[in-house]
Amino acid sequence: MSPASRAVGDIEGVAARTGLRLLAGLVDEVVWLDHCPAVSASFQPAPAWLRHEPVSAWQPLPEPPADRRPCPPGPRRVCVSFAPEHGDNARSWARTHGYRLLAPDAGVTAWAADKISATRLFAEAGVPVPPFLVIPATGREPAEAYWSGRWRRAVAQRAENNLIGRGTVLVDGPSGLRARLDAWPDEPVKLSRFAPGISLTVTACAGPDRTVVSAVSHQLVGLPELAASWGAHCGNQLVGPDDLPEGLYGQARAAAYQVGEVLRGRGFRGVFGLDLVEEGGRLLAVEVNPRFQTVVSLVQAAEGAAGLLPSLGLHVLSFLLPALPPPAAGRLPPGPRHSQLVVHARTDAVVRRPPPTGRYRRDGHVVTGPLHGPPVVSGLTDDEALWWAVADSGPVTAGQELALVQLPGPVAGLRPRPRLRPGASAWLAALAPDTGQEGSHTEAEPPPLRLDKRRMREAGRHAVELVIDRMTAPGSRPPCHVPSPGALRAALDEPLPEHGTHDLPGLLDHVTERALAEATRLDHPRCFAFVPSTGNFPAVLADALASAYLSVPGAWLVGAGPTRIELTTLRWLKTFLGLPDGHGGLFVSGGSVANLTCLAVARDHRLDGGPQPHARLYCSSQAHPSVAQATHLLGLAREQLTILPPDDGLRLDADVLAERVGRDRRAGLRPFAVVATLGTTGTGAVDPLDRLAGLCQEEGLWLHVDGAHGAAVAGTPRGHHLRNALGRADSLTVDPHKWLFQPYEIGCVLLRRPELLPETFGVARHALDQGYLRPAHPATPEPECEEVNLSDYGPQQSRGLRALKLWLSLKTFGAAAFRQAIEQGADLAEYAAGLVEAHPELELVTPPGLAILTFRYRPRDASATWDADAAQAHISRRVCADGGAVLLTTTVRGATVLRMCTINPASTRADVAYVLDLVTRYGRDDISP
1 MSPASRAVGD IEGVAARTGL RLLAGLVDEV VWLDHCPAVS ASFQPAPAWL
51 RHEPVSAWQP LPEPPADRRP CPPGPRRVCV SFAPEHGDNA RSWARTHGYR
101 LLAPDAGVTA WAADKISATR LFAEAGVPVP PFLVIPATGR EPAEAYWSGR
151 WRRAVAQRAE NNLIGRGTVL VDGPSGLRAR LDAWPDEPVK LSRFAPGISL
201 TVTACAGPDR TVVSAVSHQL VGLPELAASW GAHCGNQLVG PDDLPEGLYG
251 QARAAAYQVG EVLRGRGFRG VFGLDLVEEG GRLLAVEVNP RFQTVVSLVQ
301 AAEGAAGLLP SLGLHVLSFL LPALPPPAAG RLPPGPRHSQ LVVHARTDAV
351 VRRPPPTGRY RRDGHVVTGP LHGPPVVSGL TDDEALWWAV ADSGPVTAGQ
401 ELALVQLPGP VAGLRPRPRL RPGASAWLAA LAPDTGQEGS HTEAEPPPLR
451 LDKRRMREAG RHAVELVIDR MTAPGSRPPC HVPSPGALRA ALDEPLPEHG
501 THDLPGLLDH VTERALAEAT RLDHPRCFAF VPSTGNFPAV LADALASAYL
551 SVPGAWLVGA GPTRIELTTL RWLKTFLGLP DGHGGLFVSG GSVANLTCLA
601 VARDHRLDGG PQPHARLYCS SQAHPSVAQA THLLGLAREQ LTILPPDDGL
651 RLDADVLAER VGRDRRAGLR PFAVVATLGT TGTGAVDPLD RLAGLCQEEG
701 LWLHVDGAHG AAVAGTPRGH HLRNALGRAD SLTVDPHKWL FQPYEIGCVL
751 LRRPELLPET FGVARHALDQ GYLRPAHPAT PEPECEEVNL SDYGPQQSRG
801 LRALKLWLSL KTFGAAAFRQ AIEQGADLAE YAAGLVEAHP ELELVTPPGL
851 AILTFRYRPR DASATWDADA AQAHISRRVC ADGGAVLLTT TVRGATVLRM
901 CTINPASTRA DVAYVLDLVT RYGRDDISP
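Residue numbering for the sequence shown follows the working numbering, starting at 1 and increasing by one per position.
Since the hints were made in silico from the structure, they are not lab data. Note that the structure is a prediction, hence the values are computed from the model and not measured. Just to be clear, a hint being listed does not mean it is correct.
Stated by the list, open to error - Ranges of calculated distance between the beta carbons of each label pair, as one might list FRET restraints:
| # | residue 1 | residue 2 | range |
| --- | --- | --- | --- |
| 1 | Thr865 | Asp647 | 26 to 36 Å |
| 2 | Gly373 | Ser92 | 32 to 42 Å |
| 3 | Asp647 | Phe194 | 47 to 57 Å |
| 4 | Pro128 | Val464 | 56 to 66 Å |
| 5 | Arg665 | His766 | 28 to 38 Å |
| 6 | Leu451 | Gly373 | 53 to 63 Å |
| 7 | Gly662 | Met471 | 28 to 38 Å |
| 8 | Gln59 | Arg489 | 48 to 58 Å |
| 9 | His766 | Arg514 | 41 to 51 Å |
| 10 | Ala667 | Leu516 | 46 to 56 Å |
The C-beta atom is built at its ideal place from N, Cα and C for all residues, glycine as well.
Use the sequences and the hints to build the structure in full.
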């Protein structure tokens, strides 16, 4: 049957009734030889001539009686083996018991399974493969000579077939390749460009006269919950044409047909599998499995439901007939498709008390079984699973299969390296056999609120995979996502859990999908709202480590090392910003607390710490709302915060400030501090810092600079002109979780005279009965003591090690990378402004300042009644509702405008152009009749 004559989406095969009638006339007995009976059990309805024997290459055969002679093979007695080329057990058993072994030719099997020779097979079949090269066994060049700079990642494979993933390794660069070549000396190595798409397996059979292509499955590879190695096979789940992107199902089947025809021409007979990976909408061949696979048990369930002969029967007919019966095709049955997982030993270990093979039922965390009845995957209900025990109690080696679990529905999403769904994780947690390190004693029950090492490793690996999935696919979900309160309440509101669960990975999946992902994605490259934080992977690890070590950079007695990390990071930040060595401070939660901390010191230092009803604090109307909050928390009335109108550039007007300070002094008031802004959140405006520093020095006022967003620019050449003024300011706020790309929370307080901080916040100053704190906070420290108690420098006694995320990020990437990323954001804002100015329907309202610009949509033919403010709000709502971007409004000089902040290093010019195109499109829709 030619590829063109096959109906895409059908399962091909032989009609069940025809095939079973032929088999009944050809065989008296078929014996399935394998360590697991799953394949023979899924042959339904079960024929009387089929049975299973636990024979495999991995387990020794029982010794036959000494006086027993080999039986002559009976022509109607046959056996089928999983992988006879891996050992002589199947052939020995067949000879001893008088059966004909129906296995593909060992030479052809070895040729097809070889990762290098398989590339010639694929070329002959006309099936594309990822770009690759072969590194010779001898006479090798250095690893750098083989690494292609065009490949971000590559896959190194040994030539020989592997069943536990040890022959397929992901490498990220020349150093990883070098390590792999050292581990695989004296043998050729295939190096292929890594294709990041979904993996598929096609099950087919090379018959005497044609290739029959059966089902397609999603191949699960290297799942951390199931195997330690990246390339280990961890299971499959059946898919249909509608489950995959358009065309992939047909591509997969066509590739399997072409490969099968080449194998058939070489004399190969029987069932085989073809592994494929998707890249850019095209399927590439990875390898051939020229033997029965565990997935065949799932395939046979689908074949039986479609009225076709199961693959095991088709395999037998391929050896016993000169030509297969007439072809038949059946539709995939509707509804959930079966899946299975292969559980591997992650290390050399000892299996204790493995659950027996059988059908189990789960109700929440309670599992009962094995249940009465045959273990048939097609007969499972939604709350049941089949558990096939592979390993017995006793020692196992790393990578060895422990069990096979089969379920009635999907176990993971249809994407590359997916996470297991909570239900699948719950089954594994309930049934996975107890293992311990080989030679070790049984691990004691952990104390309350502790997990054993196995569960911690399982959950830890799963959490890291969740993080990687999130951080490597910033554009995988729409950036604007605001679920309804009712939907979140239905998903997350629940009674207090009185009893816990063993399925921590499932909980991680649940909270990730139902809560953490249910939010606007600030790190999306088309999220231009607010001042979006992007975060970075080392910072994520830093937060986890700091939590695990309970790091408290408060009292030196408690957290000396963490304190030193914070002090070092503060010094690095000062160097980055060009501040004098004498500056100092501490890290806090963010700009709001930083502003509060600095203004508390200003109050105490300039107003002697007492109540001052005549005190006055000054800022522009463009200052951040946290300045007004800090004023309130410091006990000052709202009228004591003097809010001045900005100049034409939306900056604090130094002349207006000087006039107001003089007028207030003459009125008997007491000016004490000025808040300047380095990068207003609305427009990115920068107050005239040098003039303000001079004025404050002349007037004896405290100058605080709120540089939560913009101070980071001082670390780049375009911001060096700000450094002198920053060094003259009395205090400075910096938010590393803004333009230094850290995850929340991390803000920073920097003072020109850091010794003023403990004068405001020192524990000794506020002592009531501090007996238990006295050992960590002595009233009279030793002379020349270099110990620093950072809990004396701010309002928190118990404080987390926020500095570690910035420390680890700087150590990982280097300051130059941060400078480059800051410059890139500023350049992107200038590019956006250029597009706005060049567009006849867009109007630039404020020029780009610190990667922020504002603009409006203004049609050329707007009517006199056109409401410009309402139009901008409408455009913003439409852009966000479109799902492709986040663009919000602000108010500039009383007018509603669109605002864009471009600091995300992942954002590109194409992203900016895309959003501006949406603006004009929805703007035109708003004015069209």
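Against the structure, the hints:
A hinted range of 26 to 36 Å for the beta carbons of threonine 865 and aspartate 647 is consistent with their spacing of about 33 Å. Look at glycine 373 against serine 92: about 34 Å separates their beta carbons, and that is inside 32 to 42 Å. Between aspartate 647 and phenylalanine 194 the Cβ separation comes to about 55 Å, which falls inside the hinted range of 47 to 57 Å. The supplied range of 56 to 66 Å is broken by proline 128 and valine 464, whose beta-carbon atoms lie about 33 Å from each other.
At about 32 Å, the beta-carbon gap between arginine 665 and histidine 766 stays in the expected band of 28 to 38 Å. For the pair leucine 451 and glycine 373, the beta carbons lie near 35 Å from each other, so the given range of 53 to 63 Å is not met. Range check, glycine 662 to methionine 471: about 54 Å between beta-carbon atoms, so the 28 to 38 Å window is missed. About 54 Å separates the C-beta atoms of glutamine 59 and arginine 489, a value consistent with the hinted range of 48 to 58 Å.
In this structure the hint that histidine 766 and arginine 514 lie 41 to 51 Å apart at CB holds, the actual value being about 43 Å. Restraint check, alanine 667 to leucine 516: a C-beta distance of roughly 53 Å satisfies the suggested window 46 to 56 Å.
Taken one by one, the earlier hints fail for this structure at numbers 4, 6 and 7, listed in ascending order.
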